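For the protein sequence lines, the chains are A and B, in the order given.
Just so you know, the first sequence maps onto residues 691 to 788 in the working numbering.
Just so you know, the second sequence maps onto residues 691 to 788 in the working numbering.
Keep in mind the hints are simulated off the structure, nothing from the lab.
The model shown is predicted, which means the values in this text are computed figures rather than measured ones.
Take the hints with a grain of salt, since some may be wrong.
No distinction is drawn between identical chains; accordingly, a pair holds when it is met within one copy or between any pair of copies.
Taking lysine-lysine pairs in the DSSO-like style, the calculated list, with each CA pair at most 27 Å apart, reads [what the hints assert, rightly or not]:
hint, residue 1, residue 2
1, Lys-731, Lys-705
2, Lys-759, Lys-714
3, Lys-726, Lys-759
4, Lys-693, Lys-731
5, Lys-693, Lys-705
6, Lys-714, Lys-726
7, Lys-759, Lys-693
8, Lys-731, Lys-759
Protein chains: 2
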Amino acid sequence: MDKLATNEEIEQGLKQLPEWQVRKMDGMQRLIRQFKFNNFKQALNFTNQVGDLAEQNNHHPLIITEWGKVTVEWWSHQAGGITSADLQMAAQTDQLAA
Amino acid sequence: MDKLATNEEIEQGLKQLPEWQVRKMDGMQRLIRQFKFNNFKQALNFTNQVGDLAEQNNHHPLIITEWGKVTVEWWSHQAGGITSADLQMAAQTDQLAA
């Protein structure tokens, strides 16, 4: 099981992830970013790309799909918050959208 | 633009939709149901089925995809809450999961 990232590690990681925010929900910190699209179909396509990334890494985010936007939330439930793996997954999610 | 369903119409509709709840968020009522699955892949497959249904009807829900569960939320933003179309979409979503 991964260890929680320290606050310093998270702050350092966020320098490479300027679009991501840290929010605490249900007592655990999460990395959250919203991606915008022109319609529902494009949003759902991105959801599937993030889903493929998740399956490849056996680490799964929460994904909110709506008309024109997708919100991705990465955290590690077992660790109780954000781990270095979550920071890496956020970076890979950015690459999908690039 | 569809009219909002009356409270009576919503109550009547919910009799056929026992798994759905009405919740008010951002000042608008929504129909919400959570569907459970055995893993992430099955959850994402269901998200795509709901997405196809949405595209066919040109009416789009909010879909939250997580490991082992999908939450679907139907409402009509322009009408400002739940319309008869939303009640129909909820029923069709149930059929996808049946």
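To see whether the hints hold, each was checked on the structure:
| no. | hint | in the structure |
| --- | --- | --- |
| 1 | Lys-731 with Lys-705 | neither (31 Å within a copy, 32 Å between copies) |
| 2 | Lys-759 with Lys-714 | both (21 Å within a copy, 21 Å between copies) |
| 3 | Lys-726 with Lys-759 | both (4 Å within a copy, 24 Å between copies) |
| 4 | Lys-693 with Lys-731 | between (37 Å within a copy, 26 Å between copies) |
| 5 | Lys-693 with Lys-705 | within (20 Å within a copy, 47 Å between copies) |
| 6 | Lys-714 with Lys-726 | both (23 Å within a copy, 25 Å between copies) |
| 7 | Lys-759 with Lys-693 | between (31 Å within a copy, 25 Å between copies) |
| 8 | Lys-731 with Lys-759 | both (10 Å within a copy, 21 Å between copies) |
Of the numbered hints stated above, the single one contradicted by the structure is hint 1.
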